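In order, the protein sequence lines correspond to chains A and B. Quick note on the working numbering: the first sequence kicks off at 8 and runs consecutively. Quick note on the working numbering: the second sequence kicks off at 100 and runs consecutively.
Just to be clear, a hint being listed does not mean it is correct.
[What the hints assert, rightly or not] Derived DSSO-like pairs: lysine-lysine, alpha-carbon spacing no greater than 27 Å straight-line:
| no. | chain 1 | residue 1 | chain 2 | residue 2 |
| --- | --- | --- | --- | --- |
| 1 | B | Lys369 | B | Lys356 |
| 2 | B | Lys463 | A | Lys80 |
| 3 | A | Lys80 | B | Lys456 |
| 4 | B | Lys495 | B | Lys272 |
| 5 | B | Lys287 | A | Lys69 |
| 6 | A | Lys64 | B | Lys356 |
| 7 | B | Lys369 | A | Lys64 |
| 8 | B | Lys273 | B | Lys504 |
| 9 | B | Lys381 | B | Lys310 |
| 10 | B | Lys347 | B | Lys287 |
| 11 | B | Lys556 | B | Lys350 |
| 12 | B | Lys456 | B | Lys156 |
| 13 | B | Lys356 | B | Lys548 |
| 14 | B | Lys310 | B | Lys529 |
| 15 | B | Lys580 | B | Lys222 |
| 16 | B | Lys423 | B | Lys156 |
| 17 | B | Lys144 | A | Lys80 |
| 18 | B | Lys495 | B | Lys463 |
| 19 | B | Lys556 | B | Lys529 |
| 20 | B | Lys140 | A | Lys80 |
| 21 | B | Lys423 | B | Lys151 |
| 22 | B | Lys463 | B | Lys144 |
| 23 | B | Lys510 | B | Lys522 |
| 24 | A | Lys69 | B | Lys369 |
| 25 | A | Lys69 | B | Lys356 |
| 26 | B | Lys285 | A | Lys69 |
| 27 | A | Lys80 | B | Lys369 |
| 28 | B | Lys381 | B | Lys258 |
Honestly, the hints are just simulated from the structure, not real lab data. As the structure is a computational prediction, the values presented were derived from the model and not from experiment.
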Amino acid sequence: MKGAASATMRLLGSGRASQVLSHVIFIAICVICLYPLALVIGISFSDESAIAIHGFKLLPAKTSLVAYGFVLKQSDAIARAYVITIIVTGVGTLLSTLVIALYAYPLSRKDFLQRKVFSFIAFFTMLFSGGLVPWYMVCVFLLHLRNNIWALFLPYTMNAWYVLIMRTFYKTNVPDSIIESARMDGAGEYTIFFRIIISLAKPGLATIALFNTIVFWNDWWLPLMLVNDPAWFNLQYLMYRVQVNIQYLSSMAGNTNVAGEILRRLPSRTAQMAMCILSIGPIVLAYPFFQKYFVKGITIGSLKE
Amino acid sequence: MKRVILFSLLAVLAVFLVSCGGAKGEKVELTWYFIGNGPQKDVDKVEAAVDKYIQGKGLNATVKLVCFDWGAYDNKMQTIIASGEPFDICFTAVWTNNYRNNAGRGAFVPLNDLLTKYAPKTKAALGPDFLAGSAIDGVSYAIPANKEKAHNWGFIVRKDLVAKYTMDLSKVKKLDDMAPFLQTIKDKEPGMYPLEACVGESPRFFLDFDKLVDDDIPVSLYSDNRDSKVLFELEAPETVALYRTMHKFYKAGYVRKDAATITDFNADEKAGLIFAAAKSLKPGKDAEMTNQTGQQWMQIDITPPVMSNRETTGSMQAISRTSKHPEVAMQLLEMFNTDKYLNNLINFGIEGTHYVKVADNVIKAGPQNDQYNPQTGWMFGNQFINYLWSNEDPQKWDKFLAYNKSALALKSLGFSFDPTPVKTQIATAKNLWKEFTPSLETGTVDPDKVIPQAIAKYKAVGIDDIKAEVQKQYDAWLAKKKG
Numbered sequence: 008m009k010g011a012a013s014a015t016m017r018l019l020g021s022g023r024a025s026q027v028l029s030h031v032i033f034i035a036i037c038v039i040c041l042y043p044l045a046l047v048i049g050i051s052f053s054d055e056s057a058i059a060i061h062g063f064k065l066l067p068a069k070t071s072l073v074a075y076g077f078v079l080k081q082s083d084a085i086a087r088a089y090v091i092t093i094i095v096t097g098v099g100t101l102l103s104t105l106v107i108a109l110y111a112y113p114l115s116r117k118d119f120l121q122r123k124v125f126s127f128i129a130f131f132t133m134l135f136s137g138g139l140v141p142w143y144m145v146c147v148f149l150l151h152l153r154n155n156i157w158a159l160f161l162p163y164t165m166n167a168w169y170v171l172i173m174r175t176f177y178k179t180n181v182p183d184s185i186i187e188s189a190r191m192d193g194a195g196e197y198t199i200f201f202r203i204i205i206s207l208a209k210p211g212l213a214t215i216a217l218f219n220t221i222v223f224w225n226d227w228w229l230p231l232m233l234v235n236d237p238a239w240f241n242l243q244y245l246m247y248r249v250q251v252n253i254q255y256l257s258s259m260a261g262n263t264n265v266a267g268e269i270l271r272r273l274p275s276r277t278a279q280m281a282m283c284i285l286s287i288g289p290i291v292l293a294y295p296f297f298q299k300y301f302v303k304g305i306t307i308g309s310l311k312e
Numbered sequence: 100m101k102r103v104i105l106f107s108l109l110a111v112l113a114v115f116l117v118s119c120g121g122a123k124g125e126k127v128e129l130t131w132y133f134i135g136n137g138p139q140k141d142v143d144k145v146e147a148a149v150d151k152y153i154q155g156k157g158l159n160a161t162v163k164l165v166c167f168d169w170g171a172y173d174n175k176m177q178t179i180i181a182s183g184e185p186f187d188i189c190f191t192a193v194w195t196n197n198y199r200n201n202a203g204r205g206a207f208v209p210l211n212d213l214l215t216k217y218a219p220k221t222k223a224a225l226g227p228d229f230l231a232g233s234a235i236d237g238v239s240y241a242i243p244a245n246k247e248k249a250h251n252w253g254f255i256v257r258k259d260l261v262a263k264y265t266m267d268l269s270k271v272k273k274l275d276d277m278a279p280f281l282q283t284i285k286d287k288e289p290g291m292y293p294l295e296a297c298v299g300e301s302p303r304f305f306l307d308f309d310k311l312v313d314d315d316i317p318v319s320l321y322s323d324n325r326d327s328k329v330l331f332e333l334e335a336p337e338t339v340a341l342y343r344t345m346h347k348f349y350k351a352g353y354v355r356k357d358a359a360t361i362t363d364f365n366a367d368e369k370a371g372l373i374f375a376a377a378k379s380l381k382p383g384k385d386a387e388m389t390n391q392t393g394q395q396w397m398q399i400d401i402t403p404p405v406m407s408n409r410e411t412t413g414s415m416q417a418i419s420r421t422s423k424h425p426e427v428a429m430q431l432l433e434m435f436n437t438d439k440y441l442n443n444l445i446n447f448g449i450e451g452t453h454y455v456k457v458a459d460n461v462i463k464a465g466p467q468n469d470q471y472n473p474q475t476g477w478m479f480g481n482q483f484i485n486y487l488w489s490n491e492d493p494q495k496w497d498k499f500l501a502y503n504k505s506a507l508a509l510k511s512l513g514f515s516f517d518p519t520p521v522k523t524q525i526a527t528a529k530n531l532w533k534e535f536t537p538s539l540e541t542g543t544v545d546p547d548k549v550i551p552q553a554i555a556k557y558k559a560v561g562i563d564d565i566k567a568e569v570q571k572q573y574d575a576w577l578a579k580k581k582g
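Bound conformation, chain A alone:
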């Protein structure tokens, strides 16, 4: 292994110089990516008035834990929101990946005669959507998705675009001959799907699952529209509220006596940054977890017929 690596290195030319160069480039990219994050951390530990006087600084001119104190004061709300976000992300990702995988699979099978009709049904919703108000009416009046945990993931369970991606993935990565031979060995449809197709389609499913995880983790739209009860607020919505309220009230400041007064009582900029840091949490772990499937996905494509 080591010999092969150094052989590759020699192939690339003057080994050391190019290695140093590539390291420098990647360190620079790394710094560019990490700088904003470091700045956020710096601001969250800064004193509020120090920001007003000195501006944003990587190393705060005057450190203060007031922001984290403010956040911890509402720790029960934040802890609850954290739990809700984790549950919604976990259950939502599993459920929506399953639904998408199950819908896309028959569409990829040539022996399923109605596949064009069902493809069209999914595809049609991408071109024409009912709009916000009918969507709201279906969610609230028909499905009673309001002030409950279902409201936080059910509307995102199905995604036509991911269905089309998965269909294509099955088509290109699952040869018909495998299904045929499985059937000859006496496997039923469920056995074929859950034991064979799923394991062949792992890279595709991991991609969809990662997309879903991010969507559920970052979602504030569903709580905004469907939840009034703070018991069901998720983490992103908790932060979104603070952010939007500040923006809104700032834009209103000249118009009413009220806005400025209320603005002053909302959490300060440092507190927003502190919340931001707390929200990064476990989601950073999702990337390394899914990454191994992506690497596999590159090699698994070369199937010998």
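We have chain A; now place chain B onto it with these hints.
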């Protein structure tokens, strides 16, 4: 296949019928949507107390108080109203859950008869001027909150520094008069910004034009009832004079150099970097700001108080077209506007828990204050029956009454402009506002160079069309009012 479709249609219909049908003769549940800092933790306890009290007063109803966040309210209400979801009362204003649009598309119940029949005390307390100002073609679709009914503009100045340098501010009647004091601060308090000016919060407000379209469209009347001639603000000599003064101040270093890019004015005020700032005033504004910023302030009036459409439609409650019991909703509103106990219950929570009394009419925060503190006095009903916090001026409501009495009621009260004929011109003119106003209002640019450019650009996008259309509609409205 057909049968399946028919069956599913029937099923959908059945679900709708079940969810729409309510039992009759029982207690009425009233849902009330309003704007604020979001849901309060102890709202259930307050609702229970409200229900008990109003039922004791013979109103067979329960109340559900639903507070949406500032940023979410408009969005949520638009969806709720468009979907036809049943509710009873909602907060509405010119600046959120747009009053005129909603009234125009029939979302709100006309209230004239209901007011006379069920809410005579509220009607009397508001007075005919104020009600007329919130009516659309003579029909009230919402009830304004009874609070300060006028606005005026002036300076908020650091009291401690005024004392330190023994300044005599009694002669300050306009922006220019402030110059020597700003110079003192500039010389003696290095590091401070003597005058606050940033985007959307600057002495520009001293012009106090009576805006007829939107705040960011410079087509207005003078707010002193001198005539009915609609003007383009940039062509008014007052505008040029004010921007010249601001430019002079900017060059003298009275405002921060990057003012035209700053939108957050709170930080500087809190950090004690500001000496003087232009604000919308009302009695007791200085004390309020002192509480909120931790700096000592005093206020100086510059413009006289006027009652404009801004106040009459700034904070109102409407009854929804989807309400099944509008008359009960109106009875609740009347009780709420006139009953001191009920009003303070919703605004401050439960005595002994969320607040404690220190004197007859004066309260301070109670042990559970953070569980219910909606800070909605300005929005709900009648401020004159609100309790006062112990750090507020005990004379606050008397001063409000005197202030309201002293205000000039503008002739444009009740006029609402229909923007449809000049929609595109308005949209492009709004972009020009963003382009020119921040640098002019902060004094960053020379008005003698920039104003002519701005006027030329405004003319090119049809500001004259907007002006002519406003004039036409305003004249027609005036003629109709007289005849």
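**Numbered hints the structure breaks, given as an ascending list** = Going through the list in order, the structure violates no hint and respects every one.
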